[in-house]
Every structure is written in C-alpha cells, then in structure tokens.
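Undergrad: Sequence:
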Amino acid sequence: MTRGDVVLLVASGDLGKPRPGVIVQADELGDLTTSVLICPMSSDLSEFRRTRPIVEPSPENGLRVRSQIMTDKLSALRRDRVRQVIGTLDATTLEQLDTALLVVLGLAR
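Just so you know, the sequence shown maps onto residues 1143 to 1251 in our numbering.
Everything labelled a hint here was simulated from the structure, so no lab data went into it.
Think of the CB as a built atom: it goes at the ideal place given N, C-alpha and C, for glycine as much as any other residue.
Any given hint might turn out to be false.
[To be verified] Listed next, with one range per pair, are the computed distances between beta-carbon atoms: (1) ASP1240 with GLU1202: 17 to 23 angstroms; (2) PRO1201 with GLY1248: 34 to 40 angstroms; (3) ALA1218 with GLY1248: 14 to 20 angstroms; (4) THR1241 with LEU1171: 18 to 24 angstroms; (5) ARG1221 with LYS1159: 17 to 23 angstroms.
Work the whole structure out from these sequences, hints included.
TA: Okay, structure coming up:
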C-alpha cells in the first residue's frame, strides 16, 4: 500500500461492511507499522467541498460511483482491516486531498 492508493477497508462501527478509503500515510513509514492512516470515502456527497474532495469514478481509481474523500474523518486503521487495493488517485486529486488535509489539520495558511 502506498500513499494515494484507493483501498477497500472495514472501519470500526461499519458492521463489517467494506467501504473505499484512501491511504494518506507517508510512504517513508513503510510496511513495518501496525496501522495505516486513511481517509474513508463516501458516495453520500456533502457540501463540505473544502474538506471533502470529490473523486469521479475511473478505471484507474477503481471507484464505481462519484465519491468524496472524508478528510475530516482521518483515522489510523489496523492494517488487517484493509482488504485490498482497488486503484490509485490521479495527481490532481492528490493535490486536492493534500489541500483538504492541511485545512482539517489546521496547517493551511
């Protein structure tokens, strides 16, 4: 798994229902950590566009429907909760993700 990969994951409280998410953890941390930082995705679109970038489905990202990256729900997830990589985000969407994460973390100037 690398930063920007779109994965299927099972988060706590989701009753075992897989949902897509994006790996946001730096690749430099490697595979030795027991958890990975992710942002879940949702097809239930909200108006929080500044903190929830929209991702259009494509063969590259593996999504079937228009979705939002929920950067406001950033979490550490045990690696065994990540089921599989289904795709990867394009460079433009990764830039939007980075900007949204800066806002959520209070690092935007």
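Undergrad: For every hint, state whether the structure bears it out.
TA: To see whether the hints hold, each was checked on the structure:
| no. | hint | in the structure |
| --- | --- | --- |
| 1 | ASP1240 with GLU1202: 17 to 23 angstroms | holds (18 angstroms) |
| 2 | PRO1201 with GLY1248: 34 to 40 angstroms | holds (36 angstroms) |
| 3 | ALA1218 with GLY1248: 14 to 20 angstroms | holds (18 angstroms) |
| 4 | THR1241 with LEU1171: 18 to 24 angstroms | holds (21 angstroms) |
| 5 | ARG1221 with LYS1159: 17 to 23 angstroms | holds (19 angstroms) |
Checked against the numbered hints listed earlier, the structure breaks none of them; every hint is satisfied.
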